[in-house]
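Could you build the full structure based on these sequences and the hints that come with them?
Given next are the chains, with one letter for each unit.
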Amino acid sequence: MMKRAREFFNRLLARTVKKTELEVTTSEVELTCRDIVELVTDYLEQALLPRTRGKFEEHIAGCEGCTNYVEQVRKTIDLLHRLAIEPVLPATKQELLKVFRRLQQG
Amino acid sequence: MNERILPPQGVSDIAKVQQKDDTPGFTGGMASADDMHFIELLRRGDEAAFMSLIEQYHASMLRLAQIFVSTRPLAEEVVQEAWLGVLQGLKRFEGRSSLKTWIFRILTNCAKTRAQREGRSIPFSALSDFDPDHNEPAVDPEFFFASDHPDSPDRWISLPKNWDEMPEDRLLSEETSGQIRQAIALLPAGQREVITLRDIEGWSAPEVCNFLTISETNQRVLLHRARSRVRQVLEQYFGEGRRA
Chain A
3 MMKRAREFFN RLLARTVKKT ELEVTTSEVE LTCRDIVELV TDYLEQALLP RTRGKFEEHI
63 AGCEGCTNYV EQVRKTIDLL HRLAIEPVLP ATKQELLKVF RRLQQG
Chain B
388 MNERILPPQG VSDIAKVQQK DDTPGFTGGM ASADDMHFIE LLRRGDEAAF MSLIEQYHAS
448 MLRLAQIFVS TRPLAEEVVQ EAWLGVLQGL KRFEGRSSLK TWIFRILTNC AKTRAQREGR
508 SIPFSALSDF DPDHNEPAVD PEFFFASDHP DSPDRWISLP KNWDEMPEDR LLSEETSGQI
568 RQAIALLPAG QREVITLRDI EGWSAPEVCN FLTISETNQR VLLHRARSRV RQVLEQYFGE
628 GRRA
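Line order of the protein sequences matches chains A and B. Our numbering numbers the first residue of the first sequence as 3 and each following residue consecutively. Our numbering numbers the first residue of the second sequence as 388 and each following residue consecutively.
Since the hints were made in silico from the structure, they are not lab data. Beta carbons: idealized from backbone N, C-alpha and C, even for Gly. Careful, some of the hints might be misleading.
What the hints assert, rightly or not - Each computed PhoX-like pair below joins lysine-lysine, with the alpha-carbon atoms no more than 20 Å apart:
id	chain 1	residue 1	chain 2	residue 2
1	B	K487	B	K499
2	B	K548	A	K77
3	A	K95	B	K487
4	A	K100	B	K478
What the hints assert, rightly or not - Incomplete in silico selection of chain B near chain A, CB under 7 Å:
id	residue
5	A446
6	A525
7	V526
8	L546
9	P547
10	N549
11	R607
12	H611
13	V617
This is the structure we're talking about:
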């Protein structure tokens, strides 16, 4: 039990953690490419504090790799949304309409 | 086919109990005046209203059902069941949730019940997604210089590709869609739900938080992991995202 708990804790420590908002806003550090890929969702979700947002935009303005990365994520979202294009079969509609009518009568 | 759409056990109960959206801070939880008007039309047996409801939600319900059950035919049965639950529950709809939320609650209840019967473990435990084993970085660390690199600490070793330079028919091919579907199918359940609702179905963040009863932060973490994973799969598929 203890061993499991320790392993769990070690994994927690070892994992890659993105810079927290607090760290970013209270320090003068610049964001690295590695930070950008972890902050991209917060950025696109408009969930960054203004100062962090500024640093984010400043970084991508001068970094081709990160510009491409953010565009890739945007494109991924577009491609995901395209999966929603799926017409309902006429047979399915007719079948459901029958159920609707039956319930109206009953 | 008809016996499939006979009243499944318990569906009307499901429709009865799942009407409340009281997540704090979510103001869009109640039925709108439009929703109530729509319900009134449906109660009166307006077929055009029912058809437009099908147009609007059926395909979306099918995709969502497939998060829970293993096959497309099973998902189709689940959606049939859900529609029946919706129609039977119309009389009792009080507008304590939006019409959309109410319909999708019925759908997920039907899907979960079916998944249980099928012996499938039910997804949606956002908690399991916070297992550190799933906590991969968005991009494989091998793509970056080390943090102690003298010139370019934590910068790209080779730049991600500009996908705009790729032929559009490749980008939009059925094969690409297949890659995305497969990538989603392999995600942990909570991530799968969030990315399906947010990015495929286009729900807003508050809608998803409300529907799955998770916090904004958790929603964003799940979305981040899921999107990062799908992007990664696409980049591998589109060829190497590397330049010499």
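Looking back at the hints listed earlier, which ones does the structure fail to meet? Of the numbered hints given earlier, the structure breaks none, since each of them holds.
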